[in-house]
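Can you make the complete structure from the sequences, with help from the hints?
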Amino acid sequence: MRASKLITAEDAVARVKTGDTVMVGGFGLVGAPLDLIDALVDHSDATDLTVVSNNIGEPGRGLGRLLRQGRIRRGISSYFTSNPEAVAAVNAGEIEATLVPQGTFAEAIRAGGAGIGGFFTAVGAGTLLAEGKEERMIDGVRHVLEEPIRADVSLVYAARADMLGNLWYRRTARNFNPLMATAATVTIAEAGEVVTVGTLEPESVVTPHLYVDHLVAST
Amino acid sequence: MSDDVKTRIAARAALELQPGEVVNLGIGIPNLIPSFLGPETGVVLHTENGLLGVGPRPNGDELDPDLIDAAKQPITALPGAAYFDSAASFAMIRGGHVDVAVLGALEVSGDGDIANWAVPGKDVLGVGGAMDLVVGARRVIVTMTATSSRGEPKVVAACTYPLTASGAVDVIVTELSVFRRVDGELRLTELLDGATVDDVAAVTTAPFVVALEESHVH
Numbered sequence: 067m068r069a070s071k072l073i074t075a076e077d078a079v080a081r082v083k084t085g086d087t088v089m090v091g092g093f094g095l096v097g098a099p100l101d102l103i104d105a106l107v108d109h110s111d112a113t114d115l116t117v118v119s120n121n122i123g124e125p126g127r128g129l130g131r132l133l134r135q136g137r138i139r140r141g142i143s144s145y146f147t148s149n150p151e152a153v154a155a156v157n158a159g160e161i162e163a164t165l166v167p168q169g170t171f172a173e174a175i176r177a178g179g180a181g182i183g184g185f186f187t188a189v190g191a192g193t194l195l196a197e198g199k200e201e202r203m204i205d206g207v208r209h210v211l212e213e214p215i216r217a218d219v220s221l222v223y224a225a226r227a228d229m230l231g232n233l234w235y236r237r238t239a240r241n242f243n244p245l246m247a248t249a250a251t252v253t254i255a256e257a258g259e260v261v262t263v264g265t266l267e268p269e270s271v272v273t274p275h276l277y278v279d280h281l282v283a284s285t
Numbered sequence: 003m004s005d006d007v008k009t010r011i012a013a014r015a016a017l018e019l020q021p022g023e024v025v026n027l028g029i030g031i032p033n034l035i036p037s038f039l040g041p042e043t044g045v046v047l048h049t050e051n052g053l054l055g056v057g058p059r060p061n062g063d064e065l066d067p068d069l070i071d072a073a074k075q076p077i078t079a080l081p082g083a084a085y086f087d088s089a090a091s092f093a094m095i096r097g098g099h100v101d102v103a104v105l106g107a108l109e110v111s112g113d114g115d116i117a118n119w120a121v122p123g124k125d126v127l128g129v130g131g132a133m134d135l136v137v138g139a140r141r142v143i144v145t146m147t148a149t150s151s152r153g154e155p156k157v158v159a160a161c162t163y164p165l166t167a168s169g170a171v172d173v174i175v176t177e178l179s180v181f182r183r184v185d186g187e188l189r190l191t192e193l194l195d196g197a198t199v200d201d202v203a204a205v206t207t208a209p210f211v212v213a214l215e216e217s218h219v220h
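In order, the protein sequences belong to chains A and B. Per the working numbering, the first sequence runs over residues 67 to 285. Per the working numbering, the second sequence runs over residues 3 to 220.
Simulated from the structure, these hints should not be mistaken for lab results. Possibly wrong hints are sitting among the right ones.
[Stated by the list, open to error] What follows is a list of derived Cβ distance ranges for each label pair:
no.: 1; chain 1: B; residue 1: A203; chain 2: A; residue 2: G181; range: 49 to 57 Å
no.: 2; chain 1: B; residue 1: A213; chain 2: A; residue 2: G181; range: 46 to 54 Å
no.: 3; chain 1: A; residue 1: P274; chain 2: B; residue 2: T207; range: 21 to 29 Å
no.: 4; chain 1: A; residue 1: E267; chain 2: B; residue 2: R152; range: 55 to 63 Å
no.: 5; chain 1: B; residue 1: V212; chain 2: A; residue 2: R202; range: 36 to 44 Å
no.: 6; chain 1: B; residue 1: G57; chain 2: A; residue 2: P150; range: 25 to 33 Å
no.: 7; chain 1: A; residue 1: V207; chain 2: B; residue 2: T9; range: 31 to 39 Å
no.: 8; chain 1: A; residue 1: V261; chain 2: B; residue 2: G57; range: 50 to 58 Å
no.: 9; chain 1: B; residue 1: V7; chain 2: A; residue 2: V207; range: 35 to 43 Å
no.: 10; chain 1: A; residue 1: P274; chain 2: B; residue 2: A160; range: 46 to 54 Å
no.: 11; chain 1: B; residue 1: Q75; chain 2: A; residue 2: P274; range: 31 to 39 Å
no.: 12; chain 1: A; residue 1: G181; chain 2: B; residue 2: G169; range: 31 to 39 Å
no.: 13; chain 1: B; residue 1: G196; chain 2: A; residue 2: N157; range: 38 to 46 Å
[Said to hold, decoys possible] Covered by chain B, per the in silico footprint, the following chain A stretches (three or more residues, Cβ under 8 Å):
no.: 14; stretch: 138 to 148
no.: 15; stretch: 233 to 240
The beta carbon of each residue, even a glycine, is placed where N, CA and C say it ideally should be.
Written out as structure tokens, the structure is:
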């Protein structure tokens with residue numbers, strides 16, 4: 067049996083390198099891996115990061131802390147507006163913004179984790195967000211090609227994990243976490259509670275352990 | 003826009019929802035609709051951040067930090083509710099499994115084009131699930147005031163703000179009237195709160211046909 071996946075948050079975020087693309091789970095701060103984000107802010111020098119997250123945190127909280135340090139080069143998100151400081155940073159040209167419809171964002175991450183080379187969707191066709199994208203008529207409806215999204219490192223949050231890295235999510239804190247867990251070279255899961263192997267009902271496991279490289283217990 | 007106007011629009015929009023329908027409510031006026039939906043209506047609320055079976059706002063002791071709606075406000079879940087991830091949630095929407103989306107708009111055209119996510123040069127950095135919902139939901143109901151805060155018409159001949167989607171809107175409910183798009187034309191089907199056809203025409207630049215039906219508000 068391989069060594070335990072359980073490591074400290076500080077060791078975990080050492081996996082993030084300058085120039086990396088980092089996925090971060092959560093809808094706003096609900097389901098966001100806040101301890102991992104804080105560790106990235108406080109114990110890592112990695113900069114020039116591309117952040118893939120539905121929102122860029124809130125002012126001074128979650129990814130909003132990383133933003134204040136000037137370490138985000140680009141954001142890929144559906145809703146920058148929930149952090150006015152992120153909007154200001156985009157408008158000042160300090161970070162590059164790629165805005166993606168939320169369902170397309172989720173599906174592109176799912177595709178990234180599932181080995182799918184892209185997909186056609188009617189969402190966004192004929193709007194500013196589809197400019198420059200390949201189009202195709204399917205069943206008489208205009209569709210646009212969306213490419214998969216992958217990352218170097220994913221930071222996700224689960225309410226409960228076992229020592230193997232099987233993950234169980236609670237209520238609406240699930241959101242993007244199970245998708246992001248599949249779509250990175252290295253997936254780091256923060257868990258509110260870490261239990262022994264065999265405790266989780268196999269049917270209740272949402273993210274099977276093969277997706278999870280490292281596990282960090284929330285403080 | 004007064005709260006009273008918003009509430010009246012929400013009350014009228016609630017009458018559009020049929021028993022058993024799965025409905026996604028946007029931010030603003032649509033969020034006032036649940037107070038007009040008794041349990042007897044059997045309407046099931048979906049929120050795109052991953053819950054089917056949204057219940058009422060929580061009392062203090064029911065407050066759960068892991069349970070929010072798409073407006074990031076606390077909610078409860080009803081018996082029979084189900085949680086799912088964001089990809090599954092939007093598959094429900096795009097796949098036509100969500101019957102109705104009710105949302106606000108900056109402008110709607112007579113052709114059913116909708117602009118509700120961006121003001122050019124000002125706010126083009128948040129789209130959320132708006133595009134997915136208007137394209138995917140089987141029926142799209144817009145709730146909005148007839149004019150903007152500057153008094154400009156919002157039911158227009160052609161949208162000037164960036165589009166959310168083309169030809170997507172089925173019903174428009176304002177404080178003055180109900181419009182329906184039927185067979186490619188915009189029909190004025192109901193006058194509200196004593197408004198006249200002339201009142202509606204004065205604040206509508208989209209061409210429309212007058213096809214009044216019996217009022218739903220008594």
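Consistency of the hints with the structure:
1. A C-beta distance of roughly 56 Å is found between B:A203 and A:G181, which places it inside the suggested range of 49 to 57 Å.
2. A hinted range of 46 to 54 Å for the beta carbons of B:A213 and A:G181 is consistent with their spacing of about 52 Å.
3. For A:P274 paired with B:T207, a C-beta distance near 56 Å fails the hint of 21 to 29 Å.
4. The hinted window of 55 to 63 Å between A:E267 and B:R152 holds, with their beta carbons roughly 57 Å apart.
5. The supplied range of 36 to 44 Å is met by B:V212 and A:R202, whose beta-carbon atoms lie about 40 Å from each other.
6. Between B:G57 and A:P150 the beta carbons are some 31 Å apart, a value that agrees with the proposed interval 25 to 33 Å.
7. Look at A:V207 against B:T9: about 37 Å separates their beta carbons, and that is inside 31 to 39 Å.
8. The beta-carbon spacing between A:V261 and B:G57, approximately 29 Å, falls outside the hinted interval of 50 to 58 Å.
9. Roughly 36 Å separates the CB atoms of B:V7 and A:V207, a value that falls within the hinted 35 to 43 Å.
10. Checked against the hint of 46 to 54 Å, the pair A:P274 and B:A160 passes, with Cβ atoms roughly 51 Å apart.
11. Between B:Q75 and A:P274 the CB atoms are about 33 Å apart, so this pair conforms to the stated range of 31 to 39 Å.
12. Separation of A:G181 from B:G169 is about 34 Å and conforms to the stated range, judged on CB atoms against 31 to 39 Å.
13. The given range of 38 to 46 Å is respected by B:G196 and A:N157, whose C-beta atoms sit roughly 45 Å from each other.
14. For the stretch 138 to 148 of chain A, the stated coverage by chain B holds: 5 residues have a C-beta nearer than 8 Å to a C-beta of that chain, and at least 3 were required.
15. Coverage of the stretch 233 to 240 of chain A by chain B holds in this model, with 6 residues showing a Cβ closer than 8 Å to a Cβ of that chain against a need of three.
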